[in-house]
Amino acid sequence: MSGNRNRSLGAALAAVTTIYSAGVLAEPLFWSTQANPIEETQAMREQVLSGFEGGVDYQSSELGPWLTRLQAEAGAGSGTIAVLGGLHGHFSGLEDNLADLGDIDSSAVKSALLELGTLGTAEQKYIPWMQATYIMAANKKALEFLPDGAELNALTYDQFVDWMKAMAEATGGPKFGFPAGPKGLKHRFFQGYLIPSYTGSMVTKFRSEEAAAAWEKFRELWQFTSPASPNYSFMQEQLVSEEVWVAWDHTARLADAFNERPDDFVAFAPPAGPAGRAFMPVVAGVAVPTTAPDMDASKALVAYMLKPETQIATLRATNFFPVVDVALPDDMPASVRLSGEAIAAATAASDAMPALLPVGLGDLGGQFNQVYIDTFERIILAGQDIPAVLDQQGDALAAIVEQAAAPCWAPDEPSDGPCPVD
Amino acid sequence: MTTATDTVSVTRDEVRSASKWLFVAGVVMLCIWVLLPIYFLMINALSSPEEVTSFPKRMFPSFDLASVTFFFKFQGVLRALWNSVQVASLTMILAIGLGAPAGYALSRFDFRGKEAFRFLVIMTRAFPLPLLALPLAIMFIRTGLDDTILGLALVHATLALPFAVLITFSLFSGIPVELEEAAWTLGCTRIQAFYKVILPLALPGIAASAVFAFVISWNEVFAAAVLTIQNRTLTAFLLQSLDVSPLPLKFAGGAMLVLPALIFIFAVRKYLFAMWGIANR
Numbered sequence: 001m002s003g004n005r006n007r008s009l010g011a012a013l014a015a016v017t018t019i020y021s022a023g024v025l026a027e028p029l030f031w032s033t034q035a036n037p038i039e040e041t042q043a044m045r046e047q048v049l050s051g052f053e054g055g056v057d058y059q060s061s062e063l064g065p066w067l068t069r070l071q072a073e074a075g076a077g078s079g080t081i082a083v084l085g086g087l088h089g090h091f092s093g094l095e096d097n098l099a100d101l102g103d104i105d106s107s108a109v110k111s112a113l114l115e116l117g118t119l120g121t122a123e124q125k126y127i128p129w130m131q132a133t134y135i136m137a138a139n140k141k142a143l144e145f146l147p148d149g150a151e152l153n154a155l156t157y158d159q160f161v162d163w164m165k166a167m168a169e170a171t172g173g174p175k176f177g178f179p180a181g182p183k184g185l186k187h188r189f190f191q192g193y194l195i196p197s198y199t200g201s202m203v204t205k206f207r208s209e210e211a212a213a214a215w216e217k218f219r220e221l222w223q224f225t226s227p228a229s230p231n232y233s234f235m236q237e238q239l240v241s242e243e244v245w246v247a248w249d250h251t252a253r254l255a256d257a258f259n260e261r262p263d264d265f266v267a268f269a270p271p272a273g274p275a276g277r278a279f280m281p282v283v284a285g286v287a288v289p290t291t292a293p294d295m296d297a298s299k300a301l302v303a304y305m306l307k308p309e310t311q312i313a314t315l316r317a318t319n320f321f322p323v324v325d326v327a328l329p330d331d332m333p334a335s336v337r338l339s340g341e342a343i344a345a346a347t348a349a350s351d352a353m354p355a356l357l358p359v360g361l362g363d364l365g366g367q368f369n370q371v372y373i374d375t376f377e378r379i380i381l382a383g384q385d386i387p388a389v390l391d392q393q394g395d396a397l398a399a400i401v402e403q404a405a406a407p408c409w410a411p412d413e414p415s416d417g418p419c420p421v422d
Numbered sequence: 001m002t003t004a005t006d007t008v009s010v011t012r013d014e015v016r017s018a019s020k021w022l023f024v025a026g027v028v029m030l031c032i033w034v035l036l037p038i039y040f041l042m043i044n045a046l047s048s049p050e051e052v053t054s055f056p057k058r059m060f061p062s063f064d065l066a067s068v069t070f071f072f073k074f075q076g077v078l079r080a081l082w083n084s085v086q087v088a089s090l091t092m093i094l095a096i097g098l099g100a101p102a103g104y105a106l107s108r109f110d111f112r113g114k115e116a117f118r119f120l121v122i123m124t125r126a127f128p129l130p131l132l133a134l135p136l137a138i139m140f141i142r143t144g145l146d147d148t149i150l151g152l153a154l155v156h157a158t159l160a161l162p163f164a165v166l167i168t169f170s171l172f173s174g175i176p177v178e179l180e181e182a183a184w185t186l187g188c189t190r191i192q193a194f195y196k197v198i199l200p201l202a203l204p205g206i207a208a209s210a211v212f213a214f215v216i217s218w219n220e221v222f223a224a225a226v227l228t229i230q231n232r233t234l235t236a237f238l239l240q241s242l243d244v245s246p247l248p249l250k251f252a253g254g255a256m257l258v259l260p261a262l263i264f265i266f267a268v269r270k271y272l273f274a275m276w277g278i279a280n281r
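Chains as they are written, first to last, in full-length UniProt numbering: chain F, 1 to 422; chain R, 1 to 281.
Incorrect hints may have been included.
Restricting the straight-line Cα-Cα distance to at most 27 Å, the calculated cross-link-like pairs of lysine-lysine (DSSO-like) are [to be verified]:
(1) F:Lys307 with F:Lys183
(2) F:Lys140 with F:Lys110
(3) F:Lys140 with R:Lys57
(4) F:Lys183 with R:Lys114
(5) F:Lys165 with F:Lys217
(6) F:Lys141 with R:Lys57
(7) R:Lys20 with R:Lys114
(8) F:Lys217 with F:Lys140
(9) F:Lys140 with F:Lys165
Computed far set for chain R versus chain F, every beta-carbon distance over 10 Å [what the hints assert, rightly or not]:
(10) Arg16
(11) Trp33
(12) Ser170
(13) Val258
Not close to chain F: a few residues of chain R, all C-beta gaps over 12 Å, as computed [unchecked claim]:
(14) Ile32
(15) Pro49
(16) Leu65
(17) Ala102
(18) Gly174
(19) Pro176
(20) Leu186
(21) Ala208
(22) Gln230
The set of hints was computed from the structure by calculation and includes no laboratory data.
From the three backbone atoms N, C-alpha and C, an ideal C-beta is built for every residue, glycine too.
Please model the complete structure; the sequences and the hints are all you need to start from.
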């Protein structure tokens, strides 16, 4: 009896060990926060990484587990992660855990992007992998309500609000959708679009009168915004289901709508405010943790990600654009063509104003975003007094920037010492 | 006087039929509460992506298997499903194997530190997993438990243990100690008395807490996402990418996550019904 039990226990342990050792031999692990939707994960595996010799185990996860796993491997001093993929902001604060990638040939990458990858150190902590931005999308049915004389790619926020108003009145309900849900990227709209368009600044003029005017305008727009917006995260869903006709979102989060019904939607540049047409470029990078099991294999994989054909495959898989100069083939998906045109219109506009992702905030990036989210919730959702809210949130913002000792980044003027909040 | 009695009796009848209706309505409501979401989940999982996003919604599935097939082709899903089953089963065995004796000891014996022990058992649930995951992962990597079925099952068993201990504790407390004593007087040893008298009475309840342990393990995401890499469980594999995926895939993935748990509960329903006093057939 007990012999039997011992035997079966032994068999169970042997089975566990087999499973375990089977895992150790595997392909290099690409641990990523990007291409998280399952279709994109699938495309990353089948179309992008299948060309890498020996294969790659691509695993995408949420930021929490991603970070915890990385920290655990750093803490234990040995790890299985070969290459990390994440947004610029995900890497800040991890400088000590990332190996120097300076010996990888990254000359094809634009130097402004490469510079971001140093994370303020002397080493190349990550190498840019792909980039994206946020654009506007509209159902073609919405176009007939455009105000007279307004041009789609050169709208101002005033014209945009008039448009939404006319449409809401003509159709009997608000038709603008805004990704204000828990997974929505609402804070990027305030940081990179609304506030800089009115103030020419993301941080310094946070509580200026111009900023108050911007929030006043957004409050006006909110009347013509779908009341279900606080549940929206990926605007492509509501666009396809025609719950809303016009939306602002990340290019990758609009792509399905463009690809499913390319003839029904248009993409256009974000509106401009008195200070300019602000927009926010997004950069994702690849890095190698210091605990990588095989440093050479990891670096080979990073170099592979920069090859032009990999970059084009990545664009198809994730709707993030290449960071190196490549000639795009003609058969790209509709989303690439449509959003590509809108991005070109935004960047080429005479009043274009790039508002960069926060630089130098380290692990305070989340708190920085929270200031903008709180401001939105207090002013728009709770209807509180704009100057009072801006004043209080401005204090919180100043405290975070000071704690990080982060100098100003574009569009704010460069500063000595922490970026001031006037 | 007579009229008054009549009124009362009529009212009593009315009350009786009204309470019957209320009961039936309540049962129907509860069934809808549970079944309707599952029904919609299944319809949408079995409809084509266009039908899922269109409006008005369909009431009957069109049996378009595009979304579901996508999942079965999705690299590693079947393996993740198998991992989930293994981890959940191992969790169940560990939680009951450790929890039931602890519950028995708590209900039958007086020992020093009993209260403290009960308190400590509950305390294990006081710390959120995201907080525990980092030190656990470091320890697991160092000991080689990292990325194994056993390691993850140990963590899940820790989560399930408080419930297993407390459920079995109240279970054993509900079985009179006199039954056990009677068995002793009739020649049973302590262990025999437990196996022959107590265990049959407690089995349905133990099964219920086993189901509970299974479900806790099945649903747990964070530890699974951090502690497994090659041997991911289905929830770690799917759940965290599901909420950022297109609607049709959300439904198909949801159905995939729900179905195995439903099948399992169906398999053990006999024991659950027995615990609720419905005849054990």
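Status of each hint after checking the structure:
With a CA separation close to 32 Å, the supplied pair Lys307 of chain F and Lys183 of chain F exceeds the 27 Å bound. Using a Cα cut-off of 27 Å, the hinted pair Lys140 of chain F and Lys110 of chain F is violated, with the two alpha carbons roughly 35 Å apart. Distance restraint check for Lys140 of chain F and Lys57 of chain R: the Cα-Cα separation of roughly 24 Å lies within the 27 Å cut-off, and the hinted pair is therefore satisfied. Restraint check for Lys183 of chain F and Lys114 of chain R: not satisfied, since their Cα atoms lie roughly 45 Å apart, outside the 27 Å limit.
Among the hinted pairs, Lys165 of chain F with Lys217 of chain F is consistent with the structure: their alpha-carbon atoms are about 12 Å apart, no more than 27 Å. With a C-alpha separation of about 22 Å, the suggested pairing of Lys141 of chain F with Lys57 of chain R holds against the 27 Å cut-off. With a C-alpha separation of about 46 Å, the suggested pair Lys20 of chain R and Lys114 of chain R falls outside the 27 Å cut-off, and the hint is violated. Distance check on the hinted pair: Lys217 of chain F and Lys140 of chain F sit about 25 Å apart at the alpha-carbon level, within 27 Å; holds.
Taken as a hint, the Lys140 of chain F and Lys165 of chain F pair is honoured in the structure, with Cα atoms around 17 Å apart against an allowance of 27 Å. Residue placement check: Arg16 of chain R keeps its beta carbon more than 10 Å from all beta carbons of chain F (closest about 45 Å). No beta-carbon of chain F is positioned within 10 Å of the beta-carbon of Trp33 of chain R; the least distance is around 22 Å. Even its closest Cβ contact with chain F, about 30 Å, leaves Ser170 of chain R beyond 10 Å, as expected for a residue assigned away from the interface.
Under the 10 Å C-beta cut-off, the non-interface status given to Val258 of chain R relative to chain F holds; the minimum distance is some 17 Å. Residue placement check: Ile32 of chain R keeps its beta carbon more than 12 Å from all beta carbons of chain F (closest about 23 Å). Pro49 of chain R, annotated as away from the interface, has a beta carbon of chain F within 12 Å; the closest lies near 8 Å. Look at Leu65 of chain R: its CB is around 16 Å from the nearest CB on chain F, clear of 12 Å, so calling it non-interface holds up.
The beta carbon of Ala102 of chain R sits about 21 Å from the closest Cβ of chain F, which is more than 12 Å, so the claim that it is off the interface holds. With 12 Å as the threshold on Cβ separation, the claim that Gly174 of chain R sits away from chain F holds: the shortest Cβ distance comes to roughly 31 Å. With a cut of 12 Å on Cβ distances, Pro176 of chain R stays outside the contact zone with chain F, its closest approach being about 31 Å. For Leu186 of chain R, the non-interface assignment is confirmed: its Cβ lies about 25 Å from the closest Cβ of chain F, beyond the 12 Å cut-off.
Look at Ala208 of chain R: its CB is around 25 Å from the nearest CB on chain F, clear of 12 Å, so calling it non-interface holds up. With a minimum CB-CB distance of about 4 Å to chain F, Gln230 of chain R fails to clear the 12 Å threshold, and the non-interface call is violated.
Violated hints, listed in ascending order, are 1, 2, 4, 7, 15, 22; each of the other numbered hints is respected by the structure.
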